[in-house]
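Using our numbering, you'd call the opening residue of the sequence shown number 625 and step up by one each time.
To be clear, the hints were calculated from the coordinates, so they are not data collected in a lab.
Keep in mind that this is a model prediction, so the values were computed, not measured.
Cβ atoms here follow ideal geometry from the backbone N, Cα and C, with glycine treated the same way.
One thing to keep in mind: the hints can contain errors.
[Unchecked claim] Label-pair distances were calculated between CB atoms; the ranges are: (1) Asn796 <-> Glu957: 49 to 59 angstroms; (2) Lys791 <-> Asn656: 24 to 34 angstroms; (3) Arg986 <-> Lys883: 55 to 65 angstroms; (4) Asn796 <-> Asp686: 28 to 38 angstroms.
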Amino acid sequence: MAKMDITLKEVTIRDLTIGYSCNEDTGVKGYNGLLDIRPPYQREFIYNPKQRDAVINTIVNDFPLNVMYWSICEDGTFELIDGQQRTLSICQYVNGDFAYMMRYFSNLKEDEKEQILNYPLMVYVCSGTESQKLKWFETINIAGEKLTPQELRNAVYSGTWVTDAKKYFSKNGCPAYQIGNKYLTGTAIRQEYLQTAIAWLAKSDSKEVIEEFMGQHQHNPNALALWTYFQSVITWVEGTFTTYRNPMKGVDWGFLYNKYKDNVYNTSDIEKETNKLMKDDDVSKKSGIYPFILTRDESYLSIRAFTPSQKQEAYEKQKGICPKCGQKFTIDEMEGDHITPWSEGGKTSMDNLQMLCKDCNRRKGKK
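The task is simple: from the sequences and hints, build the whole structure.
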C-alpha cells in the first residue's frame, strides 16, 4: 500500500474567501469553489459569538491560528477535514455576516482589510486511500470541538444516504426534531438524533451494528426508509401513551416499538396505571414506567430500597434470626425484604420490612 502524502500548504485568507458561498442545495464552498467547507459528515456551525470573535481577534493581532486539515478528492478538489468552525468564522466575517468590535469588514480601512486578507493560514493537505485518510482523521480529532461518534461515522460512510438522512435528522428544526424532540435526548445538530434512529431500526445500539447498517446503505439514493420508520415509532408512542410527561424523554422507544408495536392495548388502562405509578414514591425511576408497563419487568422501576438504618433496626428486632429458616446470621449475611411484595401493594416501610438470609431471600424471589 502506498504511503499517504501529507503536505503543509500556506493559504491566505484572500484565497480562502474567493468564491465563498453558502447554499442549502450546493453546501458551503470556498477557495474559488475548490474547497468543500462542510462535507456531509460535518456538523452545522456551532461556534458561539465569543468563540467566533476569538478567531478574528487572533487574525487581527497577527497571532498564529491553529493549523487546519484538508484532504484531496479524486477530482482534484479539496474537502475540509478539521477547522470548519475557524474557516466559517473567517469566511462569514469577510462576507459581512457579522461585525467584530462593532465594525463589519466593509467598514475597515483599506490597510486593515489588506492585513486580514494577506494573513497566512497553515493547512495540512493529505492524499491517500479512504482508510488512510479516515485513520488520520480520527487521529487529529483531539482538540477543539471534538466530533461525536456519529459524526465520525458520517465521515466514514459519506455518500448519498448520509446526505439525505441529514435532511431529516441533522439540522436545527429538522423534521425529526419537530416530531421527536420531546422523546429523544441529545441534539440533532451533533448527529445524536440520527444515531438514535439508526440504532432503533438496526435493533442494536452497538458501534459495530450501526456501522454495518451504514455500510450497507451508504450508496442508497435516499434515507426515506429510516425517516418513515422514525415517524412510525413516534406515532406509536403518542397513540399508546396518550398523555405526555417529562420522563418520556430519553426512553428507548424504538426498541419497545420493534417488540410491541403489533400488540393491542387499552390506552385508557395504560393511562390510569401510568398515573398511579407516577405518584408512587417507591418508584425511583419514573422513565422506567413505560417499559415496565409493556414488559412487566420491575427492574425498570428501580423500586426504592430499604435504608441501612431501617435494615439495622429490623435486624436488631429479629435478633439476627431469619424468620424463614430460623437460623441466626450476621447482618451482612442478610437482606432487606418486602413482606408484602411491591407488586401486591407493599410499601418500602418499616412495618413491611423483614430481614432474610440471602438463601431464603433468593428462594422467595423465585416463587
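Quick rundown of the hints versus the structure:
The beta-carbon spacing between asparagine 796 and glutamate 957, approximately 57 angstroms, falls within the hinted interval of 49 to 59 angstroms. Roughly 27 angstroms separates the CB atoms of lysine 791 and asparagine 656, a value that falls within the hinted 24 to 34 angstroms. At roughly 29 angstroms, the beta carbons of arginine 986 and lysine 883 sit outside the given window of 55 to 65 angstroms. Separation of asparagine 796 from aspartate 686 is about 35 angstroms and conforms to the stated range, judged on CB atoms against 28 to 38 angstroms.
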